[in-house]
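Chains A and B supply the protein sequences, listed in that same order.
For the first sequence, counting from 1, position 142 maps to 142 in our numbering; every step adds exactly one.
For the second sequence, counting from 1, position 313 maps to 313 in our numbering; every step adds exactly one.
Be careful, since some hints might not be right.
[Claimed, not checked] Straight-line C-alpha distance at most 25 Å; calculated DMTMM-like pairs for lysine to aspartate or glutamate: (1) B:Lys217 <-> B:Asp83; (2) B:Lys123 <-> A:Glu178; (3) B:Lys123 <-> B:Glu107; (4) B:Lys226 <-> B:Asp214; (5) B:Lys109 <-> B:Asp223; (6) B:Lys123 <-> B:Asp236; (7) B:Lys226 <-> B:Glu107; (8) B:Lys85 <-> B:Asp214; (9) B:Lys109 <-> A:Glu178; (10) B:Lys85 <-> A:Glu178; (11) B:Lys123 <-> B:Glu239; (12) B:Lys217 <-> A:Glu178.
Hints were generated in silico from the structure; no laboratory data involved.
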Amino acid sequence: MNSERSDHDHGGTAAPRSGGEEEGCGQRLSCLLDGELEPGECRSLIERLRSDEEACRTWVLLNCVGDAMRSAEVASWHSNGFVARVSAALAGEPTALAPSALPPRSAGRRWLLPGAGAVAAAVVLVAVGLPSRQATSPEAVAVSAPPAATLASVRAPVQIDRSPKLERYLAAHRELSEPALMPNSTPYVRTSGAVLQQEGR
Amino acid sequence: MLRLASPTWRWLCSAILLSAFLSSTQAQERAGGAASADAIDARRPEQWLQIIQQAARRLDYAGTMVYQQGTDVRMSRVVHVFDGKVSHERLQPMEGRPREFIRRADEVKCLIPEARRVVVERKSRAESFPGFAAAGTAELLQHYSVRIVGRERVGGLDCQVLEIQPHEGDRYGYRLWVDRASGLLIRSQTLNERGEALEQMAFADLRIGGIDRDQLKPSWSTDGWKVDEVTHRPIDLREQGWRLLAPSGFRPLYAVRRPLAGGQALQAVYSDGLASLSVFIEPATAAGSSEALPQRGPINGYVRRMDDSIVTVVGEVPADTARTVAQAVERIGR
Chain A
1 MNSERSDHDH GGTAAPRSGG EEEGCGQRLS CLLDGELEPG ECRSLIERLR SDEEACRTWV
61 LLNCVGDAMR SAEVASWHSN GFVARVSAAL AGEPTALAPS ALPPRSAGRR WLLPGAGAVA
121 AAVVLVAVGL PSRQATSPEA VAVSAPPAAT LASVRAPVQI DRSPKLERYL AAHRELSEPA
181 LMPNSTPYVR TSGAVLQQEG R
Chain B
1 MLRLASPTWR WLCSAILLSA FLSSTQAQER AGGAASADAI DARRPEQWLQ IIQQAARRLD
61 YAGTMVYQQG TDVRMSRVVH VFDGKVSHER LQPMEGRPRE FIRRADEVKC LIPEARRVVV
121 ERKSRAESFP GFAAAGTAEL LQHYSVRIVG RERVGGLDCQ VLEIQPHEGD RYGYRLWVDR
181 ASGLLIRSQT LNERGEALEQ MAFADLRIGG IDRDQLKPSW STDGWKVDEV THRPIDLREQ
241 GWRLLAPSGF RPLYAVRRPL AGGQALQAVY SDGLASLSVF IEPATAAGSS EALPQRGPIN
301 GYVRRMDDSI VTVVGEVPAD TARTVAQAVE RIGR
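Let's have the full structure, built from the sequences with the hints guiding it.
Set out below in structure tokens:
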């Protein structure tokens, strides 16, 4: 426990700027990471993460440092594309209606799943820290989901990744596709409300 | 065969059976006269397809549509009214943030109450593509075979069960449950090559006929809301320097320049009468490799990097088809 604490402290002082206010922020972020803040303080700090790019970087750095101290494997989550790849694997989970009819998963896949869930959670944390330059974009509506977000909205912020995502294209495809046999708006049934955040474009 | 493993789905099925009802006489009148049981029995599979298409466009109905894909189950309220010329529709997803989709002919308004925003999507067929109506059933039968596989009661309705099998593995199959009295599609499944359902849509609480037009009104007054129009400008792909090749039977519906994720993209939409796919072409902003997008139910995608462009194919087609279409995209001399 103590060693973990010092990781974060180290991360706090390693924050890009060490002005008094900034350092206090690093400390408080470290406490947030350890779950030592009062709920009210958590909220205000998370609010700040939304708009303060500097604090956001510190937050990511704190997480990286802590993870690196714990294990190289966990730290690799921070490498570019890893989160996206795991998110992709998550989204590609069983698609058939009857899961029992699917071929059994390989042992490797099964092993991946608990970690994948954790990554989804991590992505949310990073998403909360998005700088305010996106505040006017429609995506920002999804990002401002309350902490008690459902799984569906948990996945939405993954779209902040700049790599091409099925969701974005799906919304555009849905607009112009024409179901032959079902009511015309049925393509809209397929996509979640979160997808609509993309509509501003 | 499909096994309904999910308890949620089993519950939903019970809900459908309990709650569906139908004013069948009205429905039959609207569908063009009540057909005798013998006449209905004599219908050929392809006739059924035409009847389904007509019923979906011409009947007035309101109900709850249940959509299932994997463990994901969503319900939406659907109201459909045909005013003699165009169809009007209102769709309310029942989960997630409140949203409503109000459709009138080819225009869809997407209401986003928390942002006080209306996003208007308008389909306008490219003039350079005359006569691209959705593929007729005759054309459809060149790529699929349709057969009547039985008769089942679904949601309290006497349904004809049809199966649509693709001739090739480059597209999916379907299983359809059609209300024999009204011709309305009550349930539909998209099937992979092993006959497993990839997604399913079904009506619950269905009421056919006697729909009050007030039910088409949105839940919120949109006075003072910001209105954003998604503009699609028809383009000629060849003039833009691109040659696309869709699988046999897929006809072009639209070719447009449109906003996408902060930038502009070319989008071409193809349909074979049942499935559709879109090809997006955008300028590449960052380096990356070509890759398949994660599958979602029947929807697959493939991203292909081409020099300074990114080609993305998305549609209700198998993964291999999406990749083949992406790889067939060609730059032509300008």
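Check your understanding: Can you name, in rising order, the numbers of the hints this structure does not satisfy?
Key -> none
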